[in-house]
Amino acid sequence: DQQVKQNSPSLSVQEGRISILNCDYTNSMFDYFLWYKKYPAEGPTFLISISSIKDKNEDGRFTVFLNKSAKHLSLHIVPSQPGDSAVYFCAASGGSYIPTFGRGTSLIVHP
Amino acid sequence: NAGVTQTPKFQVLKTGQSMTLQCAQDMNHNSMYWYRQDPGMGLRLIYYSASEGTTDKGEVPNGYNVSRLNKREFSLRLESAAPSQTSVYFCASSAGGAGANYGYTFGSGTRLTVV
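Chain order of the listed sequences is A and D.
All letters in the first sequence, in the order written, are residues 1273 to 1383 by the working numbering.
All letters in the second sequence, in the order written, are residues 47 to 161 by the working numbering.
Any given hint could turn out to be false.
Said to hold, decoys possible - Residues of chain D placed beyond 10 angstroms of chain A at every Cβ, according to the derived structure: (1) V50; (2) P54; (3) S64; (4) M65; (5) G86; (6) S97; (7) G104; (8) S113; (9) E119; (10) T151.
Claimed, not checked - No farther apart than 30 angstroms at their CA atoms in a straight line, the calculated lysine-lysine pairs in the DSS-like style are these: (11) K1277(A) to K60(D); (12) K1340(A) to K117(D); (13) K1309(A) to K103(D).
Stated by the list, open to error - Here are the in silico distance ranges between beta carbons for each label pair: (14) T53(D) to V1350(A): 18 to 24 angstroms; (15) D1331(A) to T61(D): 21 to 27 angstroms; (16) A141(D) to I1325(A): 48 to 54 angstroms; (17) K1326(A) to G62(D): 47 to 53 angstroms.
Calculated from the structure, these hints are not laboratory results.
Think of the CB as a built atom: it goes at the ideal place given N, C-alpha and C, for glycine as much as any other residue.
I would like the entire structure built from these sequences, with the hints used as guidance.
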């Protein structure tokens, strides 16, 4: 059973608009959440993270929001750029748990 | 600054053949991991090593073995390759131990095809 779910396999957005990628988790022991970005033929790279003591973390165009009561987090990219086109993985960790990854969302930003 | 280096980048095996995927990191990280990525399945953990001298099974360990040779190197061995092991394999490392809240650094992957 998936503990970290990314229910949208793909997302298509126009350049300049907002991209919102969603992630849900089931394990209440998770207390640290990360987003990774992956281009084809490359390894995933760390993008942004958030601790459960916060509900928002911002880094330039990227903001991650955490709703602990709903066990939901989202990644906002504003404004979206064609270079943001990639697969985005959500990951959750905490306690003795090895970080668990979602299945990824493929973002396509159209010029 | 190399980070995490994986070799080889590509490999084609025949069913039943064996091979070892190599991984080395130069960041003095304690923990190392092997993942496989399959279409629609995301990243699934095969084995991990929380520190030098220890290894543990992940979500999909069957058909694989690992060796933490030293702090830098963590290898993944397929003793008798099967078509179901066709995948892209990623090695990763992190500064903390298992479960610690540290981000991972990933290698660029090994694309393995078993025919």
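*Hint numbers the structure violates, sorted upward?*
As far as the earlier hints go, 1, 5, 7, 10, 11, 12, 14, 15, 16 are violated by this structure, in ascending order.
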